[in-house]
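Assemble the dimeric complex from its two separately framed chains, guided by the hints.
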Amino acid sequence: MTFDNSPQTAADPSQAVSKRKLHPHVDLQVDRSWFDELQQRIGKNGPWDDWTLYQLAMEAEEAKRVESFEELQCLKTLPAVEPMPHQISTASKVLHEMGGRAILADEVGLGKTIEAGLVLKEYMVRGLVRRALILVPASLVLQWVRELNQKFGISAVAQKKEHTWGYDVVVASIDTAKRDPHRERVLGTDYDLIIIDEAHKLKNKKTTNYQFATQLRKKYCLLLTATPIQNDLDELYNLITLLKPGQLGGQSEFAANFVVDKRLPKNEDQLQEALSTVMIRNRRGDGGIHFTRRFVKNIPLSLSPEEKALYDAVTGFVKERYDESGGDMSSMLSLVTLQREVCSSRDAVFLTLVNLFKKTSEDSPIRPKIWELVEKIKGIKANTKAEKAMELVKEMNEKVIIFTEYRATQEYLLQFFRSHDMMAVPYRGGMNRGKKDWMMDLFRGRAQVLIATEAGGEGINLQFCHHMINFDLPWNPMRVEQRIGRVHRLGQTEDVRIYNLCTLGTIEEHIVNLLHEKINLFELVIGELDHILERFEGGDSLEQRLAKALLESGNDQDLQRQLSMLGSSISQIREEVKSTGSNPYAPKPDLLIRTDRLGTEVNP
Amino acid sequence: MNAKQVHKFVGRYLEATECSILEKSPAHYTVKLSPQADRELTNRPYYWSFVDRVGAEPETMSFLFVTDKDKYEASLQAKTAMEEKIEPQQQDSQAAAADAALARSFGFINGSINAPRIPREELYFGSRKLEQLFEAAKSNGSFVYLFQEPDKRGASPFQSTAYTAWLGVNMKVEFACDRKREEIHSFGVSLATGHCIDGFHERLLKAKLTPRLPANVHVTKNGISFGKAQTIVEQQLERKLKTYDYTWATEAAKRLEEELERIQTYYEPLIGHALDENKPAIQEQYEQRKAEIRWQYEPRVTASAINCGIFHMEGIE
Numbered sequence: 001m002t003f004d005n006s007p008q009t010a011a012d013p014s015q016a017v018s019k020r021k022l023h024p025h026v027d028l029q030v031d032r033s034w035f036d037e038l039q040q041r042i043g044k045n046g047p048w049d050d051w052t053l054y055q056l057a058m059e060a061e062e063a064k065r066v067e068s069f070e071e072l073q074c075l076k077t078l079p080a081v082e083p084m085p086h087q088i089s090t091a092s093k094v095l096h097e098m099g100g101r102a103i104l105a106d107e108v109g110l111g112k113t114i115e116a117g118l119v120l121k122e123y124m125v126r127g128l129v130r131r132a133l134i135l136v137p138a139s140l141v142l143q144w145v146r147e148l149n150q151k152f153g154i155s156a157v158a159q160k161k162e163h164t165w166g167y168d169v170v171v172a173s174i175d176t177a178k179r180d181p182h183r184e185r186v187l188g189t190d191y192d193l194i195i196i197d198e199a200h201k202l203k204n205k206k207t208t209n210y211q212f213a214t215q216l217r218k219k220y221c222l223l224l225t226a227t228p229i230q231n232d233l234d235e236l237y238n239l240i241t242l243l244k245p246g247q248l249g250g251q252s253e254f255a256a257n258f259v260v261d262k263r264l265p266k267n268e269d270q271l272q273e274a275l276s277t278v279m280i281r282n283r284r285g286d287g288g289i290h291f292t293r294r295f296v297k298n299i300p301l302s303l304s305p306e307e308k309a310l311y312d313a314v315t316g317f318v319k320e321r322y323d324e325s326g327g328d329m330s331s332m333l334s335l336v337t338l339q340r341e342v343c344s345s346r347d348a349v350f351l352t353l354v355n356l357f358k359k360t361s362e363d364s365p366i367r368p369k370i371w372e373l374v375e376k377i378k379g380i381k382a383n384t385k386a387e388k389a390m391e392l393v394k395e396m397n398e399k400v401i402i403f404t405e406y407r408a409t410q411e412y413l414l415q416f417f418r419s420h421d422m423m424a425v426p427y428r429g430g431m432n433r434g435k436k437d438w439m440m441d442l443f444r445g446r447a448q449v450l451i452a453t454e455a456g457g458e459g460i461n462l463q464f465c466h467h468m469i470n471f472d473l474p475w476n477p478m479r480v481e482q483r484i485g486r487v488h489r490l491g492q493t494e495d496v497r498i499y500n501l502c503t504l505g506t507i508e509e510h511i512v513n514l515l516h517e518k519i520n521l522f523e524l525v526i527g528e529l530d531h532i533l534e535r536f537e538g539g540d541s542l543e544q545r546l547a548k549a550l551l552e553s554g555n556d557q558d559l560q561r562q563l564s565m566l567g568s569s570i571s572q573i574r575e576e577v578k579s580t581g582s583n584p585y586a587p588k589p590d591l592l593i594r595t596d597r598l599g600t601e602v603n604p
Numbered sequence: 001m002n003a004k005q006v007h008k009f010v011g012r013y014l015e016a017t018e019c020s021i022l023e024k025s026p027a028h029y030t031v032k033l034s035p036q037a038d039r040e041l042t043n044r045p046y047y048w049s050f051v052d053r054v055g056a057e058p059e060t061m062s063f064l065f066v067t068d069k070d071k072y073e074a075s076l077q078a079k080t081a082m083e084e085k086i087e088p089q090q091q092d093s094q095a096a097a098a099d100a101a102l103a104r105s106f107g108f109i110n111g112s113i114n115a116p117r118i119p120r121e122e123l124y125f126g127s128r129k130l131e132q133l134f135e136a137a138k139s140n141g142s143f144v145y146l147f148q149e150p151d152k153r154g155a156s157p158f159q160s161t162a163y164t165a166w167l168g169v170n171m172k173v174e175f176a177c178d179r180k181r182e183e184i185h186s187f188g189v190s191l192a193t194g195h196c197i198d199g200f201h202e203r204l205l206k207a208k209l210t211p212r213l214p215a216n217v218h219v220t221k222n223g224i225s226f227g228k229a230q231t232i233v234e235q236q237l238e239r240k241l242k243t244y245d246y247t248w249a250t251e252a253a254k255r256l257e258e259e260l261e262r263i264q265t266y267y268e269p270l271i272g273h274a275l276d277e278n279k280p281a282i283q284e285q286y287e288q289r290k291a292e293i294r295w296q297y298e299p300r301v302t303a304s305a306i307n308c309g310i311f312h313m314e315g316i317e
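Order-wise, the sequence lines are chains Z and D. Per full-length UniProt numbering: the first sequence = residues 1 to 604. Per full-length UniProt numbering: the second sequence = residues 1 to 317.
Same shape as in the complex, but just chain D (with noise of 0.2 Å):
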């Protein structure tokens, strides 16, 4: 993600969540941040149960998220080369002996000192605010219910369009070892068919979705249960992820037979040659060993959902 992409990002995760955006430019957002956003992103557990408890009104925080720092930095000096230009140095002498003074005893004092302090956040691909943003986009983004908005030229106001129902999965799969990679998978299945599209989520983006039953419109009778669309998305997965080239895990699977061959040629004589009292602890430390590599080396796939729903798109598929 390059900064582009990150501000368009936190952009859209304001607008989603209601959020009320001050100051924008393409380099940064000072925004009031709405409760929603105010409880995934301040790390304020305690102020909300309070805040819950009480029935109080929340005092939402505000936030400067800065999503290119150079050209941010850039703007503000330009900023303030242009302050400094109209207004050259036309201060009150005594307010100027008042601020020395003050500096003096207190260091640097902020002229601005009543107004509400708005913390600064770098937001760059791998910082911990946007990192706690990709999670409360997640938090709140997993289980969806959405139609399908008509396309309404040519629509009669007399007829009724037929939407299908489709389960719609997108899945990260891990391929790990002691090193790792991943792929995400998009299945959608047609619940009334048991038809199976990959790369569902491509779709969806391409339609207008919204959360409520649009006019006109009839859903066609569910021709499977849940439960068999969603053997229908693992089979497919597993049917995809079979034709995969597995060299990788044969090779980590040499690796945790050659590690496991090695500790035991330093554990065996090793327990070979100790005293008796001392046997069971070697041995432990002889197991811990085994199970770290096992750990270390194991292959393994693993898949789990990122987020899923019901989407009802129009025709029967």
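Chain Z with its partners taken away, still in its complex shape (with noise of 0.2 Å):
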């Protein structure tokens, strides 16, 4: 029996319960409905349970004790999950310093999901939480629910029907939480801990989710953003709001006080000591937190005179393609697939092919020019880039990620290293959860290569390897940058390797040139690409404008102009995120980076 505390019931003792004071400040409550029960089954001579279970009923209880009011209980529970030090010091700080109620506003991939688990772990081993209430981007709700349940052993629920909301620990969208009929039961319901994960998009007051969130009724309370501070200071005074209103003072007095222009605060000193009491930020260059290196390769290489030849040839019926078309772009990213396919295999192309072959009209003149192109693939006998991954995976000895953009491409390597006595496995999206889990297994076990077409979702995390060879590059930045976050994360222990194949004279020449030497992709640090893309992209995505550049040169010169271009003007972006933060609009460049200090920092 434990006592239930909610804001209602702790109210109204009932009469089973008896309560004195032990201290001025606190009464004694014993509960008596063991005694009552005791009696009746004195009464009526039994039931009698074994003495073997009430032996064993009274050590789980001994194993379970909360002993101390600091130490974390919960890490000795979670075999799955081995947290980083400023992660369970983040999570002292939260649970010892500021009683439940925290931003948790690390710097993107230092692992606030781990640091609520922890919080929300620590609370339910200890009986202070029961009910809890975890709101997040839709598209996070499985990934969290995963995490909660295989890092955490903690049976969080999807909320997917009215009825879910019964469930002890809920993961919802704010989106459908806020709406009916789930907002009367969420907003009727005592929620010992709400976590809000990508907080900063609540910072604008006047939103139906800032409301929302203002009317939840919560004991503990964390909110989850990388970006505290992303326009102005009144956003953070509404966010801190949320937790503590009052914590900066009243609206007027925060503005009076810390205020000097909307993105500029003044008594810094005492703004940051406010703050430290209920954000804690830790950065990617506090101590204690330590990316590996990473080093990147590319590996040029001459196409065969047979996969030239079909190179060529795919170019000139792309081009073709493209002029009868008379500019039209729709159609021609499939096309242009076909050349960016060449590079990778010739499985690849000929998939590609067949399905073009079928699609079009039996007496158009473009099927006898298919013909010939597939002819063309017939003649290659070897895959030049196949076989000098084979030779770099013989070299590195070690365990080895091989990313294609292609099924076919996949295939085709599977049996290629298959024939060459390598064991291989396959990953890719389209298996279900189990098959996933199992080509882990193996690829941690005993096959030494991991052939994967996708590099999104969570679930994939190969910590264990730090080999990659990008057998072909994904035109889209954001996806090689999940690629290298597969292995290149928090807990790799050695520098990570990436190896780019790279075809010379052929636009997968330009691509590498352009990710490696103008956007500087490789070097990145986990996370700015975000901020670089996200100001890029105006409508148009970097894909897109790339294909475009392709078809709409004339030669290769005029080609290489056309990407030059771009990526000047992308690295001129990256300067400028550079210098400013995450803020593209601060007035200067310094104060950003003044903000930033203002939350606590965390020194494990």
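In case anyone wonders, no lab produced these hints; they're calculated from the structure. Some clues are possibly wrong.
Stated by the list, open to error - Here are the computed lysine to any residue pairs in the SDA-like style, where the Cα-Cα straight-line distance is at most 20 Å:
{"hint": "1", "chain 1": "D", "residue 1": "Lys-290", "chain 2": "Z", "residue 2": "Thr-189"}
{"hint": "2", "chain 1": "Z", "residue 1": "Lys-64", "chain 2": "D", "residue 2": "Gln-132"}
{"hint": "3", "chain 1": "Z", "residue 1": "Lys-206", "chain 2": "D", "residue 2": "Glu-277"}
{"hint": "4", "chain 1": "Z", "residue 1": "Lys-76", "chain 2": "D", "residue 2": "Glu-182"}
{"hint": "5", "chain 1": "Z", "residue 1": "Lys-19", "chain 2": "D", "residue 2": "Glu-183"}
{"hint": "6", "chain 1": "Z", "residue 1": "Lys-151", "chain 2": "D", "residue 2": "Glu-122"}
{"hint": "7", "chain 1": "D", "residue 1": "Lys-240", "chain 2": "Z", "residue 2": "Arg-32"}
{"hint": "8", "chain 1": "Z", "residue 1": "Lys-21", "chain 2": "D", "residue 2": "Glu-182"}
{"hint": "9", "chain 1": "D", "residue 1": "Lys-240", "chain 2": "Z", "residue 2": "Ser-68"}
{"hint": "10", "chain 1": "Z", "residue 1": "Lys-44", "chain 2": "D", "residue 2": "Tyr-145"}
{"hint": "11", "chain 1": "D", "residue 1": "Lys-138", "chain 2": "Z", "residue 2": "Pro-47"}
{"hint": "12", "chain 1": "Z", "residue 1": "Lys-64", "chain 2": "D", "residue 2": "Gln-5"}
{"hint": "13", "chain 1": "D", "residue 1": "Lys-71", "chain 2": "Z", "residue 2": "Arg-32"}
{"hint": "14", "chain 1": "Z", "residue 1": "Lys-151", "chain 2": "D", "residue 2": "Lys-69"}
{"hint": "15", "chain 1": "D", "residue 1": "Lys-279", "chain 2": "Z", "residue 2": "Gln-215"}
{"hint": "16", "chain 1": "Z", "residue 1": "Lys-76", "chain 2": "D", "residue 2": "Phe-125"}
{"hint": "17", "chain 1": "Z", "residue 1": "Lys-64", "chain 2": "D", "residue 2": "Phe-125"}
{"hint": "18", "chain 1": "Z", "residue 1": "Lys-76", "chain 2": "D", "residue 2": "Val-219"}
{"hint": "19", "chain 1": "D", "residue 1": "Lys-208", "chain 2": "Z", "residue 2": "Thr-52"}
{"hint": "20", "chain 1": "D", "residue 1": "Lys-138", "chain 2": "Z", "residue 2": "Arg-41"}
{"hint": "21", "chain 1": "Z", "residue 1": "Lys-21", "chain 2": "D", "residue 2": "Lys-254"}
{"hint": "22", "chain 1": "D", "residue 1": "Lys-240", "chain 2": "Z", "residue 2": "His-23"}
{"hint": "23", "chain 1": "Z", "residue 1": "Lys-21", "chain 2": "D", "residue 2": "Leu-256"}
{"hint": "24", "chain 1": "Z", "residue 1": "Lys-21", "chain 2": "D", "residue 2": "Glu-251"}
{"hint": "25", "chain 1": "D", "residue 1": "Lys-254", "chain 2": "Z", "residue 2": "His-23"}
{"hint": "26", "chain 1": "Z", "residue 1": "Lys-151", "chain 2": "D", "residue 2": "Glu-131"}
{"hint": "27", "chain 1": "Z", "residue 1": "Lys-206", "chain 2": "D", "residue 2": "Ile-271"}
Here it is in structure tokens:
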């Protein structure tokens, strides 16, 4: 029997509970229900329980007993996760110094989810939290559920139907939660703990999300955001008001005491002190947080004469179609894919050509042209890249992950490696969870090589592997970053080595050049790319712009020129982002660096 | 609880609930549950209500409980390595081809497809299954009525030994504000004399107990009522707790006051400046925040029973 200590029930002690004063500040409440039950059983002469189970019940309680106010008990119960020192110290600070209400504002990639999970688990182990609500963007719901279940052994449930609200730990999107019929259920519940992920989306006081969040009833509360101060100080004020109204004074006092201009704080020391009791911000440069280095090597390869012939033929074919279409971009993107596929494997092109063939009408003049290309494919006997990849893998003699964009290439590589007596396992987005986990286990165990088509999505954390081969490169830099993020993350103990296979004299050469030299993608700090792309992509994605440049340019030089223009506009943005932190509109570059310091920093 | 302790705990639970252990090692148990354990551990309330209504013979589940994952996996690997050595690839090539063909169409197939599936559960401190075992132990180990087994040696068959009935109770005491710690106290009150002992459970563990009244034993008449005994337990507990240091509570009360003041500085001007029509809503929010802060910080000590029983022990005390 535990005491339900929600605000309503605390007020009306039931009869089976006696209350007396122990100390001016504390009452002792004794639950007497055990005694009533015992008397009943004596009256009825049973039923009586087993002596061994009686002892075991006591042993279980002794094992679960929370010995001290301080120590983190949950660490003993988490074999599936090994938190970093800064995550542990953050969790203890939230628990012991902040009373369980805090903004966790670590920079991207430092594991805010782990910190929040630790806090939640610790409160559950201590019996201080039973009901918890986790509000996250819809796209992250399942990921949170999985992490809490797998890493923390917490039975979290994704909110799907109305009855799901009855579970103890529910993960839901705030947009669902605030709507009827859910709204009433949520606002009518006293939550022991509420976690809000991506909390910077709440910063505007006037939005329905913010107002909904203020109405939630909670004991403890965690707000997670990597960018607590994106635009102005008022937004920070609003976030803190959700947690601890009045922490920075009333709105007018706050304005008078701390704000010079929207983005310019004053009395920084005081502000910092006031913030330090509600906000924790770990930064990448802090002691104890250590990312290993990345080494990137481009491996230029010359195509074999047969491959080159195919590439040229395909390029000619694509150009022809483009000219015929009169510059219609939409249908052209798939044709550009053909060119990229040639650089990957003949299998990939072949599949696309076959599909294209099926789509064209029987009397189309394109059909014979496609056949010509297929004939060329037949002439190719070896794959230059695959052979190089094999050579690299043998040289490294360690676990390697190979990424490709194409299913057909993946299949080909699997066969190729197998025929050379090397154990390789596949990984792709279409696999179900169980199969993915199984492939991971194989890779962790016997297989030396993992061949993956998908990098996105959680669950593929490969810290135990530090070699990566980009068999071909996606045109979307975010996807490249995701690939790297699989191996280069917290917990990786080795320097990460990345190899880009790059065929000379093809579009691939241009792309590698752009991503590597111009964006310097491979050396960017984790999370930095977000900011750059956010600003760069005004409408058209980088992918689309690339395709356009490729098709429109008459010759190689022209293409070179267009790409270098793209490249320099990106590097320019990069410089800007670098100098202003995350805020593109900051009046002074040094300001954001200063506001960035405002949170408490934890040095474990 | 380390892996060894977990292993021992699980073994004792399985034995106490009469489960049949099919196989065991220091790192695992393969077990067919008894009906009692099945009801507690398998989350099949519908199945059991069906069995109860129809009176069918229940089919209980089997489990592989792994209590030490590393050790278990190591032993598995050693085992497969052994097997591979013993039968080196003498498989019929046709059968192998058939397997490969099946594998191509269906993916990996477990050869022993007809064998009953035995789900595997990792039991480590903090795992849900072990937590379920803890709960099962508690729900079937709450109220006992036991007798000490007399020391056989030297007992005359013509002499009756005097026994005293005790009310024994294990209590969990929780000290909580926004943080928490716990203590466990075990009290025994002699129903003959009202004498109260602390650490009663340890004393019970040293004795041999049985649910049946042993021969040649008589129980001394109770001198006090159950109600009186229960009051003695509470008084004893209270006396003990009063000697404790309550700095934590004073600090929590102070934090509580500070927090209340802080939101006051926020809400009072806000209410003051608000339009009349908005005032009730803000007032309500203010009240809610106050309730939350009390809920969060208010220091409290609560005591509840883990389990209890009547114990008949040798001697008059």
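A quick look at each hint next to the structure:
1. With a CA separation close to 16 Å, the supplied pair Lys-290 of chain D and Thr-189 of chain Z stays within the 20 Å bound.
2. For the hint linking Lys-64 of chain Z to Gln-132 of chain D, the alpha-carbon distance of about 13 Å falls within 20 Å, and the restraint holds.
3. Between Lys-206 of chain Z and Glu-277 of chain D the CA atoms are separated by roughly 18 Å; this keeps the pair inside 20 Å, and the hint holds.
4. With a CA separation close to 17 Å, the supplied pair Lys-76 of chain Z and Glu-182 of chain D stays within the 20 Å bound.
5. For a cut-off of 20 Å, the pair hint linking Lys-19 of chain Z to Glu-183 of chain D stands: about 18 Å separates their Cα positions.
6. A C-alpha spacing of about 14 Å is found between Lys-151 of chain Z and Glu-122 of chain D, which places the hinted pair at or below 20 Å, so the restraint holds.
7. In summary, the hint linking Lys-240 of chain D to Arg-32 of chain Z is supported, as the alpha carbons are separated by about 18 Å, within the 20 Å threshold.
8. Using a Cα cut-off of 20 Å, the hinted pair Lys-21 of chain Z and Glu-182 of chain D holds, with the two alpha carbons roughly 18 Å apart.
9. A threshold of 20 Å between alpha carbons decides the hint, and for Lys-240 of chain D with Ser-68 of chain Z the separation of about 18 Å falls inside it, so the pair holds.
10. For a cut-off of 20 Å, the pair hint linking Lys-44 of chain Z to Tyr-145 of chain D stands: about 12 Å separates their Cα positions.
11. For the suggested pair Lys-138 of chain D and Pro-47 of chain Z, the alpha carbons sit about 15 Å apart, so the restraint of at most 20 Å is met.
12. Among the hinted pairs, Lys-64 of chain Z with Gln-5 of chain D is consistent with the structure: their alpha-carbon atoms are about 13 Å apart, no more than 20 Å.
13. Restraint check for Lys-71 of chain D and Arg-32 of chain Z: not satisfied, since their Cα atoms lie roughly 45 Å apart, outside the 20 Å limit.
14. For the proposed pair Lys-151 of chain Z and Lys-69 of chain D, the alpha carbon gap of about 16 Å is at most 20 Å, so the pair holds.
15. Taking the CA atoms of Lys-279 of chain D and Gln-215 of chain Z, the gap is near 15 Å; set against the 20 Å cutoff, the hint holds.
16. Taking the CA atoms of Lys-76 of chain Z and Phe-125 of chain D, the gap is near 7 Å; set against the 20 Å cutoff, the hint holds.
17. Distance check on the hinted pair: Lys-64 of chain Z and Phe-125 of chain D sit about 9 Å apart at the alpha-carbon level, within 20 Å; holds.
18. For the hint pairing Lys-76 of chain Z with Val-219 of chain D, the CA-to-CA distance comes to about 46 Å; that exceeds 20 Å, so the pair is violated.
19. Proximity of Lys-208 of chain D to Thr-52 of chain Z is assessed by CA-CA distance (about 11 Å); at most 20 Å being required, the pair is judged to hold.
20. Between Lys-138 of chain D and Arg-41 of chain Z, the direct Cα distance comes to roughly 17 Å. Compliance with the 20 Å bound is thereby established for this hinted pair.
21. With a C-alpha separation of about 18 Å, the suggested pairing of Lys-21 of chain Z with Lys-254 of chain D holds against the 20 Å cut-off.
22. Of the supplied pair hints, the one linking Lys-240 of chain D and His-23 of chain Z holds, its CA atoms being roughly 13 Å apart against a limit of 20 Å.
23. At most 20 Å may separate the alpha-carbon atoms for a hinted pair to count; Lys-21 of chain Z and Leu-256 of chain D meet this at roughly 19 Å.
24. Restraint check for Lys-21 of chain Z and Glu-251 of chain D: satisfied, since their Cα atoms lie roughly 17 Å apart, inside the 20 Å limit.
25. Restraint check: the Cα-Cα separation between Lys-254 of chain D and His-23 of chain Z comes to about 14 Å, which is no more than 20 Å; the hinted pair holds.
26. Distance hint between Lys-151 of chain Z and Glu-131 of chain D is fulfilled; the C-alpha atoms sit about 16 Å from each other, no more than 20 Å.
27. For the suggested pair Lys-206 of chain Z and Ile-271 of chain D, the alpha carbons sit about 18 Å apart, so the restraint of at most 20 Å is met.
Violated hints, in rising order: 13 and 18; the structure is consistent with all others.
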